[in-house]
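Student: Given the coordinates of chain A, work out where chain B should sit on it, guided by the hints.
Now for the letters of each chain:
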Amino acid sequence: MSEPANRTQSRLLLALLLIPGVLWLVLLILLPHVDLAILSLKPHAGAGTQQLSLSQYGTFFEEPLYWHVFVRTALVSGLSTLLTLLVAFPIAWTIAKIAKERTRSYLFLACLIPFWISETVRTLGWMILLRESGVLPALLVKLGITNAPIEMLYHDATILIGLVYTSLLFMVVPLVSSLESLDNSLIEAAYDLGGKGLTVLRTIVLPHAAPGITAGCIVVFMMTLGNYLTPTLLGGKNSQWFTEQIYTQFITRFNWEQGAAFGFLLLSLSVAMVWAGLKVSGQQFADVMRRA
Amino acid sequence: MNRFVAMVLTLSVTLSPSAFGDDSKRLRIISWADYVPADVAAQFKKETGISVEVTLSNNEEMISKLRATGGAGFDLAQPSQDRIIGAQREFSIYKPLDLTKVKLDQFVPSLLETTRKNTTVNGQTYGLPYLWGTDGLVVNTKRAQINDFLDLCKPDFKGKTAMRLKRPTMMAFAFALGKDPFALYGDPKAYSALMEQVGATLIACKRNIKFFYDNKDQLLNGFRSGEITAAMMWDSGGWKLNRENPDILYIAPKSGALGWLDTYAIPAKGRNDAGAYAWINFTMRPDVAARITKVIGSFTASKGADALVDPLLQAQFAKSLPDAALKNIKWYPAIPSGLEEMEGRILDRVKAAN
Numbered sequence: 001m002s003e004p005a006n007r008t009q010s011r012l013l014l015a016l017l018l019i020p021g022v023l024w025l026v027l028l029i030l031l032p033h034v035d036l037a038i039l040s041l042k043p044h045a046g047a048g049t050q051q052l053s054l055s056q057y058g059t060f061f062e063e064p065l066y067w068h069v070f071v072r073t074a075l076v077s078g079l080s081t082l083l084t085l086l087v088a089f090p091i092a093w094t095i096a097k098i099a100k101e102r103t104r105s106y107l108f109l110a111c112l113i114p115f116w117i118s119e120t121v122r123t124l125g126w127m128i129l130l131r132e133s134g135v136l137p138a139l140l141v142k143l144g145i146t147n148a149p150i151e152m153l154y155h156d157a158t159i160l161i162g163l164v165y166t167s168l169l170f171m172v173v174p175l176v177s178s179l180e181s182l183d184n185s186l187i188e189a190a191y192d193l194g195g196k197g198l199t200v201l202r203t204i205v206l207p208h209a210a211p212g213i214t215a216g217c218i219v220v221f222m223m224t225l226g227n228y229l230t231p232t233l234l235g236g237k238n239s240q241w242f243t244e245q246i247y248t249q250f251i252t253r254f255n256w257e258q259g260a261a262f263g264f265l266l267l268s269l270s271v272a273m274v275w276a277g278l279k280v281s282g283q284q285f286a287d288v289m290r291r292a
Numbered sequence: 001m002n003r004f005v006a007m008v009l010t011l012s013v014t015l016s017p018s019a020f021g022d023d024s025k026r027l028r029i030i031s032w033a034d035y036v037p038a039d040v041a042a043q044f045k046k047e048t049g050i051s052v053e054v055t056l057s058n059n060e061e062m063i064s065k066l067r068a069t070g071g072a073g074f075d076l077a078q079p080s081q082d083r084i085i086g087a088q089r090e091f092s093i094y095k096p097l098d099l100t101k102v103k104l105d106q107f108v109p110s111l112l113e114t115t116r117k118n119t120t121v122n123g124q125t126y127g128l129p130y131l132w133g134t135d136g137l138v139v140n141t142k143r144a145q146i147n148d149f150l151d152l153c154k155p156d157f158k159g160k161t162a163m164r165l166k167r168p169t170m171m172a173f174a175f176a177l178g179k180d181p182f183a184l185y186g187d188p189k190a191y192s193a194l195m196e197q198v199g200a201t202l203i204a205c206k207r208n209i210k211f212f213y214d215n216k217d218q219l220l221n222g223f224r225s226g227e228i229t230a231a232m233m234w235d236s237g238g239w240k241l242n243r244e245n246p247d248i249l250y251i252a253p254k255s256g257a258l259g260w261l262d263t264y265a266i267p268a269k270g271r272n273d274a275g276a277y278a279w280i281n282f283t284m285r286p287d288v289a290a291r292i293t294k295v296i297g298s299f300t301a302s303k304g305a306d307a308l309v310d311p312l313l314q315a316q317f318a319k320s321l322p323d324a325a326l327k328n329i330k331w332y333p334a335i336p337s338g339l340e341e342m343e344g345r346i347l348d349r350v351k352a353a354n
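For the record, the sequence lines run as chains A and B.
Residues in the first sequence are numbered consecutively from 1, following the numbering used here.
Residues in the second sequence are numbered consecutively from 1, following the numbering used here.
FYI, nobody ran anything at the bench for these hints, they're computed from the structure.
Don't be surprised by glycine CBs; every beta carbon is placed ideally from N, CA and C.
Please note that a few of the clues may not be correct.
Pairs of lysine-lysine residues, derived as BS3-like cross-links and limited to a Cα-Cα distance of at most 30 Å, are as follows [as the list claims (entries may be wrong)]:
#1 B/Lys25 to A/Lys237
#2 A/Lys97 to A/Lys196
#3 A/Lys237 to B/Lys240
#4 B/Lys303 to B/Lys25
#5 B/Lys254 to A/Lys42
#6 A/Lys237 to B/Lys254
#7 B/Lys240 to B/Lys160
#8 B/Lys189 to B/Lys166
#9 B/Lys142 to A/Lys237
Restraint ranges, calculated between C-beta atoms of paired labels, are given here [stated by the list, open to error]:
#10 B/Asp217 to A/Leu30: 38 to 44 Å
#11 B/Gln197 to A/Leu82: 38 to 44 Å
#12 A/Gly195 to B/Asp217: 34 to 40 Å
#13 B/Lys25 to A/Pro32: 31 to 37 Å
#14 B/Asn245 to A/Ala148: 18 to 24 Å
#15 A/Asn147 to B/Asp180: 26 to 32 Å
#16 A/Leu25 to B/Lys25: 37 to 43 Å
The following block holds chain A by itself, in its conformation from the complex (with noise of 0.2 Å):
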């Protein structure tokens, strides 16, 4: 067979190797996006034109309640992210640096078993602990912490501790293989010239593991931004989180438009947050996806 026959060969079964995801990306993803863009820019169904505009969007702006829950929907997702950084580091620190090979693979089963159960399953396991008739005020009760038992359901905080619980592994994986990579000399020969341990981790531990917590801190932000179960049910009568708003206007409002326009902003702002995270910490996108 000649050359050029069997590179053209090669790129042919590239490009049937690549047809799934091409198709995947282009009528699962970019049309449907594309179609509910147009969708957004259209007015209310009923409303006698079909003019496009941006007064869905203009919605958003007009009625302080869509653009409060916005403001907060980010920021509590921006808060829980940095709560889940802040636990999952000891975690991955010990199951990259301080476990053995066997209590290691252990460690990593331990973070991996609860995700086996599916993110419902899960959440109602908070409710039966933390409900007012539940396990754990009971056992304030029981303890003589408090006289009577606490609704510690439908509050903010709660749904704080669920996005930390849900969001977990996924900060872990990334921080665990980027710690891994981290020669050990390099944290002994700091401590041998004199470093201190917040020293070794701000300038040796810290830079290194960058990528692996900017991947960690995109893909936990994105999910909890998106995240719809655990807010509705954990956060009752006063859980306020975008993507409710979203399925509200879709479903019972049948307010296709605005809905679609919602989605846009979340997306954005999604967006967004990822381009600013990476400009903060000066990381490559291309190196933090590889990390992630």
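Tutor: Structure of chain B alone, referenced to chain A:
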């Protein structure tokens, strides 16, 4: 209309594994929890060879799902009678019923008449009555004495009550405030002002509310564990709790219980109309209807089935809804389109208020 989304959804419905069966041998129903009791479906299969597949839903979801597919994916839907015309005018998701295929003499005439009146557009009927019941108050009488919706907001019940954050709650509170929202359906301005007032009442009441429930089990468990003292709920749920704990009663509020009636409607692109009519005729047979009532605890539109219903439920019904309360039931008229959007904004505000 959003053609692409509709196409993808239709495609996904069409490609679902069960779609490869014979359409005339299965009936896909979108309905409320418990509306298709398993043993009734089993008997239907035995008699007709048609297997019933149920998707659980509620009024809004039924409309939204059918709207997304242009009325495909299901062969029978069971929306409330007041939610049919508006959705039909806007989205054309149902097909007109062929009443010659229905054994109309099996229905209670008054319910049939009301439903036909409320679901007819351009001379075509889109709904037939299936089940009816009332929305009122469920209360644990050992802990509280209440007799109207506004009593749920009394300071003694802080964090001890529950309701749905949906339009029936707004209607109930409007009546409790001494107004008639249904009379204002044709006057958007006055109606909107009334809803604002209801919204303010609900916001002031919010400290009393432990949760806005989305499914009945959440509320039933709230009562069973003692976390909830009183709530707005429909009759069958209250009677169910009453059988478990005699202290818990369903009562019709002084301002009137709200009367709902859920229907049979055939989606525009349903593929088994014959099966749907067979199911309607089958479930309205008095012997079958009585069994359905036994499972759900609500009465059907089947004539003669009530006599076959178990005496305990009849006693509960008579106690909760004496003649005066029955006469005072507020039945939902068909909703003009547009109202729900405005109500929705107020509900959003109630949810957001602290």
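Student: Kindly indicate which numbered hints from before are broken by the structure, ordering the numbers from low to high.
Tutor: 1, 5, 12, 15
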